[in-house]
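Q: Just so you know, the protein sequences line up as chains A, B, C and D, in that order. Numbering follows this note's numbering, with no gaps: position 154 of the first sequence is 154. To convert a position in the second sequence, counted from 1, into this note's numbering, add 1000. To convert a position in the third sequence, counted from 1, into this note's numbering, add 2000. To convert a position in the fourth sequence, counted from 1, into this note's numbering, add 3000.
What the hints contain is simulated information worked out from the structure, not anything from laboratory work. Just so you know, these numbers come straight off a predicted model, no measurement behind them. We put the beta carbon where it would ideally sit given N, CA and C, even for glycine. A few of these clues could be false.
[Unchecked claim] Computed footprint of chain D on chain B; a stretch qualifies when at least three of its residues, placed anywhere within it, have a C-beta under 8 Å from a C-beta of chain D:
hint: 1; segment: 1232-1245
hint: 2; segment: 1248-1261
hint: 3; segment: 1320-1333
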Amino acid sequence: MSELTAPKAQPDAPQASLWKDAFRTMARRPDVIFATLILLFVFTMAAFPTLFTDKDPTYCIGRDARQRPDTWFAGEHPLGTDGFGCDFAATVVHGTRPTIVLALTVMILAVIIGLVLGILAGYYGGWLDALISRALDVFIVLPMLLGAILLLSLFRNGGSSGGLLSTVGPPVIALTVFGWMEFCRYTRAATIETKNLDYVTAAKCLGAKDRRIMFRHILPNAIVPVTAVIPTTIGGIIVTESALAVLGIGVQPPATSWGVLLAKGTEWAGGGYIYLFGIPLLLLIGTVFAFATFGDALRDALDPKLR
Amino acid sequence: MGRYVIRRLLQALLTLGVALFLLHYMMALSVQIRGNPALLFFGGKRTPDPAMLAQVERLYGLDNKCYERPGDPCLTPFVERLQDYASGDFGTTLSGNRDVGELLAVYIPNTLRLFMFSTVTLVILAMLLGTWAARHRGRVIDHSVRGTTILIDSVPVFLILLAYTYIIAVPLTQWARGIWGSESFMGQLFRPNYSPDYPWTTMIVPGIILGTVGLATLTRLVRASQLENLGSDFVRTAKAKGLKKARITVVHVVRNSMIPIITGIGYLFAFMLSGAVLTEGVMGIPGMGRMIFQGVQRQEVNLVIVGLTVSAVVVVLVSLAVDLLYAALDPRIRYE
Amino acid sequence: MRRMKIAMAATAAAVLALTSACAGDPDDVEGEGDGGSVLNMQIGEPRSLIPGGSGESEGFRIIKNVYEGLVYYDAKTGEPENLVAESITTEDNQTWTIKIKEGLKFHNGEPVNAAAFMRSWNRTAYAPNVLPLNGFFSTFAGYEEMNPEQLPEEQWADPEVPEFPPVDVKELSGVTSPDEYTIQVELAAPFASFATMLGYEAFFPVAEECLADTEACEKQPIGNGPFMFEEPYSIENGGTAVAWDEYQGDHAPSIDAVRWHVYLEGDDCWADFLTGDIDVCRPSAADYESAVNDAELAERRIVQDGTSIVVLGFPLYDETYQDVNLRHAISVAIDREGVLNVIGPDRYNPLDSWVPASILGGGQSACGEFCTYDPELATQLLEDAGGWPEGEKLRIWVNDASDNVDIFRAIGDSISQTLGIEYEIVSMDWPDYLAAREAHNLDGPFRDGWGPDYNLNENYLEPIYGNGALKNDNGFENEQYEANIAEAGTASTIEEAVELYQEAERTLAEVFPSAPIFVEQVSYFHTERVSNVIVHPIYSGPGGDAELRDIVINE
Amino acid sequence: MAENLRVVGDTLPGADLNAPLLEVEDLRVEFKVRGKRIPTVRGVSFTLEQGKTLAIVGESGSGKSVTSQAVMGILDSPPGYVTGGEVRLRGVDLLAQDEESRRTVRANHIAIVFQDALSALNPLWSVGFQIGELFRVHRGTSRADAKRRAIELLDQVGIPDAKNRVGHYPHQFSGGMRQRVMIAMALALDPEVLIADEPTTALDVTVQAQIMRLLKQIQDERNMGLILITHDLGVVADVADDVAVMYAGEIVERASIHDAFKRPAHPYTKALLRAIPRVDTVGRELEVIPGLPPNPAALPSGCPFHPRCWAVDPERCATEAPPYEEVTDDHRSLCHFAKEVYRDER
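The following block holds chain A by itself, in its conformation from the complex (with noise of 0.2 Å):
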């Protein structure tokens, strides 16, 4: 989910010190500490996998689907078994690699085009700026799923079981193309306003190349509004995801990402294997929780207005 009140770049402050304000305002909150241990947790799930399990989640025996965990999640399967028999624990420790890669691609994609566009938008004006802004009345007409679904039904392809870029290409490609706006969007109102700054008019007069402009004087003051709603978004994008691997359009089994064992697991909550359908569940939301109010503290840091 979006948030509409990005904090306005203040572009008297020296950028240095308004992060390092930030930075030491976050360090002592404890809600933020708190998230950041969940993101660490997570982030290390994604890259060092067999830290964290030493089972292969494709050695899967059929006759041992769904032994729920043990009391004390220990033995042979801490976590128990999923649907097909496979180490339950495994399974969600590998589908995190997917689910972080596919949501950080996204994520950069999107920055780096709502940055570029947003810049472009706001230092030129006129004709592009009408292109641009026009271009993102569009895309904000239709939201990130229901663009998602249009993209990933259209272009459907058969089940394949290839690497990491083959399974989360296709979602990261239709989530990117409706996930620039927002980043855009800001970044434009945030250049309009520092270009008319003296300091960046003196810049203009010294005979600065707009180039020289744009990234030395602009891009820091555009980046304040934009990273405050990183951490958010990345979250709408895990959760996007799982709503599309649901819809049985996001990842495709047998690849794996927390979407694609929600849902599995919502196959059989019903029937009491809660396990199966809380502990991802319990993963992506914590997650999503800890993205959530890091941003919440970004945005507040950046913003002390609000705070």
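We have chain A; now place chains B, C and D onto it with these hints.
A: Chains B, C and D only, in chain A's frame:
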């Protein structure tokens, strides 16, 4: 005022036109890149008789040459499509050959009813919580309101729904029926599925659950705008005028806070549409969202496109309404 | 050749049944929420409510209660019993005389006489009407004249609807009516089990008023059965059929009305079943276990062998799969119990024959040890076959509908675990899959499923493995098999035919063009308020069903 | 006298008509920011008589606005809290009253005009509504009557075509006109005390003069007490009777306007005066007070002005807080060297 309205109307029309074209273009691209759905009709790998292919293409309105040139915007078919839409012809479904226009007539009112419940829920909850948090700024209440709403917002709405239908709905319904009987309002309220026999009652719970989409966003917005207004000079003036707290809140804070909040609701509306896809799918509500859901599952591209077209129209209308409301609320825009 | 035609027609019907059985759209019209003895049933999306037009389970579930045929299938034995027919007699299995009970009427008062039946049959048999059940009349004399070769496909306006050159003949010449209540049917060739077919929708009567305005009749059928619609039925919303006061037939229901509630997927009704809003429902996979373990619910469970089967087909046209030992090895490596555990127990049972036991002549265990999980034997067989090609992956092809992917993933896991072969699942859309399978483009084992059209083991053999290597999906061709099938077609009694078909099944076991995996198990639950819940093994719907004429609502 | 407390039903209970109109004594206000207490007003005392004008002068951050808000009782809490002192209106201590009684005092007895009328007026309501609101809330007047009274008031403060303008919104007025609307609003219930908080700062010079004249005129007509808060000594010269100069939350000098201008007794006042451009100083460079106003969270020790003061005895001023010195009657200064400054020796 008049000029403002006209300008906004033109802008909305332009946006809508471009959005519809975008939808059309994506479809055209998919045909150009992925291959003609008419070809898929014959199973992809077989090479059908050209004359027969032409038949199918005509049937699907794909007989224009532009569909063979990747990147071609296919303007003629686009205009034809718009004309069809304008004359109420939204095509038919592949399976069952049903008139999509007729389906829309059934689906749209259902979704509107769903949205009515969720919008009311969202606005009331966000206003109460946001105001409450703003009043206790920086204290425990403030933090817990924000934490809770963020947490609620972190749970994807369809998962709340699934959890509801799988775990809570059945015992709750049985309990309610034990007390009030099964034909009573309460006996129907918590039902795990929508029932056309009780089109209002069984819509309430999914509506409320869908209403939590964007709760954190809107609460945050309410809080922020209330804080801004509470600290504003005109509220100080109102205090200096010896007005009671309640009057200050109602007359001077709420109305001013409404402006960003209305923008927020308009913006969240689009997200609610996304939420509706899964909500209606899970609860079996025959609405626009489920039409899209079904279109995806049955690979009825036309249903998806029509669904998104309607959603685009609605979003454009809502944002137009928001802007007009804006003008009604804010004389600075009205007298521009 | 005659037998062939009916089989093909049946194939078409079965495909329809498989593809369109589920899904539906409830709607938003105020219904009558009155209690009384109204039975609440779940239903999917029927294709048509006029006999001859449906050909899938959901339509037939309504039609068989709103209309009434010459015979009624006993839900327990599957045997046809006379209903509208007074008697059905023949001497040579080719000329059949059907006497109709007098005095029966349609809901609108029209008499149910020989003309009513012939009207319906001629409509369905008339090719340009393109009705799904047209093929059921291919055994009739005169069918050919009404069904000329189709026009070349490129001359069709709608590629889904075949077109025909103008046909002058609008009536089956083989059907005549000596008097108002007698029908004489002349078949093109002797057919011993002709009477078995007559209980199917294709042979139901139609009122004159109905044909005058089929559009209205689709919405509000004019039947002759014990239930009638007082208000139009809506595909979105379902509808209520009330017991018809003037019903004079032999098989009257005890309930006052039935309300059909529409569900997107068949087992979506489970939650509403638990709250008592639906009277008969089949739980989703996940709900089975808790439902079966609930002592109170378990008492209200109906378990029955189903007839739908799941089979792993082998591409006999592919080089890799030429060795029967390899095919056996793969079949033996499948832990059917284990796979069942994955998709949820009680939904299927392991299958060790090509025809399930619930079908006449089925349950022969022809597959035997090759359908039993035995890792050692599997490894041995693989060795005999010369091992698995190095570095190759076993590609298992499925269509991506419902939980096919899950079932075959579990099968793949089991094969992979036992034989040490890596596998991958390739899933495709149904139309793509169907086409690729037909075109022999699949380079690995593939999913095959089958649901019967009538109660005879033949229905599982000829449509799937007959017609020669080029025509069937497996590329299977065997002289012995063809000979048995052909011989059975002309057998004079059903018993004789059944035995010959069983012989053909044994040939299948030798060649092993496919590995039987599962047979469906019908497992419905019903609420406390109903009893005498009988489920028809062949014609029940995927989400839950009961014989509405037999079910009783306890007051 | 009695006439000025004529307000029907709203008469201040317990009012002593012989007591001074407004007496502020040892008023203290603290701000709590992140657990820290920051003294912002540190013992301010002054008296305002009926019909008189008191100017409170000081740089921004000196606590003059906070003082006025504390007197009005409209301080935002948090973060601001009145921690001591008394505010007596005709002898009634307002600070001891409950919130409800205080509320009725506002606008009825004490009214305030803010600096930035654009933000001080609610942009979403017409000015007529905002003025009429007072009558409707405090007097229970009907909507139509309230509007009529609003038109009268707008007319009184010199807004032309008041009948039409009453339905207009704040953004449709010019700066000066907006300030007149503010004043009309403050006058609505005929208060005895009017506080004008930097009423002219945001305006053009020509308009400034008009507004000051309007205030003076109104004060004369209604015989009100007027507190004029400003950072600009020049503005008050013609209007005020007395001056209180504030610095770092304290009144550092109190004198009649005449004394203050002629013979300031505090170095800060003196510096302020030197910073006013005047006809007789044309050609001379204006003096600037060196340094920055002090941060209330970290006030300099001793005399808070000492780091910027030239008249400094470094040791004494930096360590010892100065007491009030009476240089003459009614002329007090918070400086160790008040007399010397007064005599213009330093």
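Q: Look at each hint and say if it fits the structure.
A: Tested hints:
1. Check result for the segment 1232-1245 of chain B against chain D: holds, 12 residues qualifying (beta carbon to beta carbon below 8 Å, three or more required).
2. Coverage of the segment 1248-1261 of chain B by chain D holds [criterion: at least 3 residues with CB-CB distance below 8 Å; count 4].
3. Residues of the segment 1320-1333 of chain B lying with their CB closer than 8 Å to a CB of chain D number 4, which satisfies the three-residue condition for coverage.
Violated hints for the displayed structure: none, as all numbered hints are satisfied.
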